[in-house]
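Asker: Chain by chain, the residues run as shown.
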Amino acid sequence: MPMRTARTLLVLVGLALTGCGLYGIATDPYIDLTHHPLDIARWAIGGLVLHDGLWLPLACLAGVTIARTTPVRTGLIVAAAVSAVALPAVLRAGHHNGNPTILPLPYLRNWLLVLAAIAVITAAWSVVSHLRRGRRRRP
Amino acid sequence: MDDDTPAPRRKPYDLPLPTPPDALRRGPLREGTFTSALHEPRTAVVIGRWLGAALLTCFLTGLLSHLLQQPPGWLRDHLPSRPVNGYQVTQGLHVISGIAAIPLLGAKLWTVYPRLFEWPPARSVLHALERLSIAILVGAMVLEVFTGLLNTLQWYPWPFPFRQTHFWLAWLAVGGLLLHIAAKAPLIARHWRRVRPGLAQRRAFLTAVTASVGVVTLTTAGQSVPWLRALDLFAPRRPDVGPQGLPVNRTAVQAGTSTASAENWQLTVQGPHPIRLTLADLAQLPQTTAELPIACVEGWSASAHWTGVRVRDLLDLAGAPADAHVQITSLEKDGPYRVTDMPAGYARDPLTLLALRVNGQVLDPDHGYPARIIAPNRPGVLQTKWVTRIEVL
Numbered sequence: 158m159p160m161r162t163a164r165t166l167l168v169l170v171g172l173a174l175t176g177c178g179l180y181g182i183a184t185d186p187y188i189d190l191t192h193h194p195l196d197i198a199r200w201a202i203g204g205l206v207l208h209d210g211l212w213l214p215l216a217c218l219a220g221v222t223i224a225r226t227t228p229v230r231t232g233l234i235v236a237a238a239v240s241a242v243a244l245p246a247v248l249r250a251g252h253h254n255g256n257p258t259i260l261p262l263p264y265l266r267n268w269l270l271v272l273a274a275i276a277v278i279t280a281a282w283s284v285v286s287h288l289r290r291g292r293r294r295r296p
Numbered sequence: 202m203d204d205d206t207p208a209p210r211r212k213p214y215d216l217p218l219p220t221p222p223d224a225l226r227r228g229p230l231r232e233g234t235f236t237s238a239l240h241e242p243r244t245a246v247v248i249g250r251w252l253g254a255a256l257l258t259c260f261l262t263g264l265l266s267h268l269l270q271q272p273p274g275w276l277r278d279h280l281p282s283r284p285v286n287g288y289q290v291t292q293g294l295h296v297i298s299g300i301a302a303i304p305l306l307g308a309k310l311w312t313v314y315p316r317l318f319e320w321p322p323a324r325s326v327l328h329a330l331e332r333l334s335i336a337i338l339v340g341a342m343v344l345e346v347f348t349g350l351l352n353t354l355q356w357y358p359w360p361f362p363f364r365q366t367h368f369w370l371a372w373l374a375v376g377g378l379l380l381h382i383a384a385k386a387p388l389i390a391r392h393w394r395r396v397r398p399g400l401a402q403r404r405a406f407l408t409a410v411t412a413s414v415g416v417v418t419l420t421t422a423g424q425s426v427p428w429l430r431a432l433d434l435f436a437p438r439r440p441d442v443g444p445q446g447l448p449v450n451r452t453a454v455q456a457g458t459s460t461a462s463a464e465n466w467q468l469t470v471q472g473p474h475p476i477r478l479t480l481a482d483l484a485q486l487p488q489t490t491a492e493l494p495i496a497c498v499e500g501w502s503a504s505a506h507w508t509g510v511r512v513r514d515l516l517d518l519a520g521a522p523a524d525a526h527v528q529i530t531s532l533e534k535d536g537p538y539r540v541t542d543m544p545a546g547y548a549r550d551p552l553t554l555l556a557l558r559v560n561g562q563v564l565d566p567d568h569g570y571p572a573r574i575i576a577p578n579r580p581g582v583l584q585t586k587w588v589t590r591i592e593v594l
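Chains as they are written, first to last, in my numbering: chain E, 158 to 296; chain R, 202 to 594.
No wet-lab data here; the hints were simulated from the structure. Keep in mind that this is a model prediction, so the values were computed, not measured.
With beta-carbon atoms standing in for the labels, derived distance ranges:
#, chain 1, residue 1, chain 2, residue 2, range
1, R, Leu400, E, Met160, 24 to 34 Å
2, R, Arg277, E, Gly176, 22 to 32 Å
3, R, Pro398, E, Met160, 25 to 35 Å
4, E, Gly176, R, Val563, 48 to 58 Å
5, R, Leu432, E, Thr222, 28 to 38 Å
6, E, Val170, R, Pro322, 25 to 35 Å
7, E, Leu269, R, Arg277, 42 to 52 Å
Covered by chain R, according to a simulated footprint, are these stretches of chain E (three or more residues, beta-carbon under 8 Å):
#, segment
8, 167 to 178
9, 187 to 197
10, 211 to 225
11, 238 to 244
12, 267 to 278
Heads up, the beta-carbon is just placed ideally off N, CA and C, and yes, glycines get one too.
Start from the sequences, fold in the hints, and give me the full structure.
Answerer: Below is the structure:
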């Protein structure tokens, strides 16, 4: 399919789906946009501002300061991903609204254990790559 | 991402916009703010492909779940009750791909972050619109994965309804994604194939992102994938934790049914020959045992051996025609799933039971004592508990 046709098709379908989403949000009786016009927009913009205005500057800063080697950078990336997924459970542990089958695990302990494992692997990897580099320098 | 900039041919209808005075180009808008070599298109294309695959999987499985939960009239009589674990697989995949999208989205947004500060901010009206669509795409996407993740913990700190918002935002996000792919198509095509020698830093970054996806998947997927259960560290459910070794979505106390007792309970089957059955009457009817999963919209699932009376036997007793579609009412005081519809395809399935026992024991109140519906290939919210009435429509 020529590029031009593909792009036209993508634009048309993309606009249709976007329109569908906007129409749905505007007309859904449970969302009730007439009485709560800004609730969703506020949370979407809030997420955008926190992510692009706070989290990414911090990540970039870490990249040029502490995360200067591959092992450390990899360790921090994996730790950040694990934390993003685990933190809600860590923060919410114990809140089950009377249903103890929700959040039944020791999430704080598990999170700290995984972070510790990442730290150990990162440290070991750093040492190994340091030693290798040293050996390469001495012919 | 320098190779995007050789001024694209301007279309006649695309009005150019003036470049703001250079004095305004401060802070991150200045050139050279971002020093990593990985803020470049090839990295964005590789991660974008993975993210695109995860999001598409998430969108399609989510759409399927929505259709199964609230089938439109034209579809209702064509929903298949096979494969038995179909919904378990698709909804497990929905949550797995959604969680995998979290590190992928983070990596993608980090890669293209300098583009947020490109100069001039808008070359033309079309360019300004494209950037606006990216803001909508990212805003919808971030809120979508955030609400999805928190919903798996039944945590709702926002003021809007979860299900409807999550559903409509998905259309917005996927629409924005397609527009984004259309806008970037030439750039994507230029960087689709690997150029050797590759960038060593890129390989290290992609390895880190792959490891991130691997770790978050392995530590959460155990809530729906039995052989990963031992690695389930962060999922909000364990498929073997709960009364009778099964999780619960809504307890008897939460549903206001904890006072249901066998003495005053009766099942009404409303049809051409209405019948009323006590628990003892039901126990006298032929019993069937089936291994069926409970698969929740929140991603967890667990299989169990359910024993009870086939729904189709009850319908036959009430003289229902073979194509009858039925309505099931629970003792629950309220809730959106107190009354549910069951199309004929499920009602006639030999594995669809009004279960009285699970794994050989009488149902726990939290699992729907005295009797609950369990049917193959259905979302958990439609497996009505504390059944009191089955009505032939």
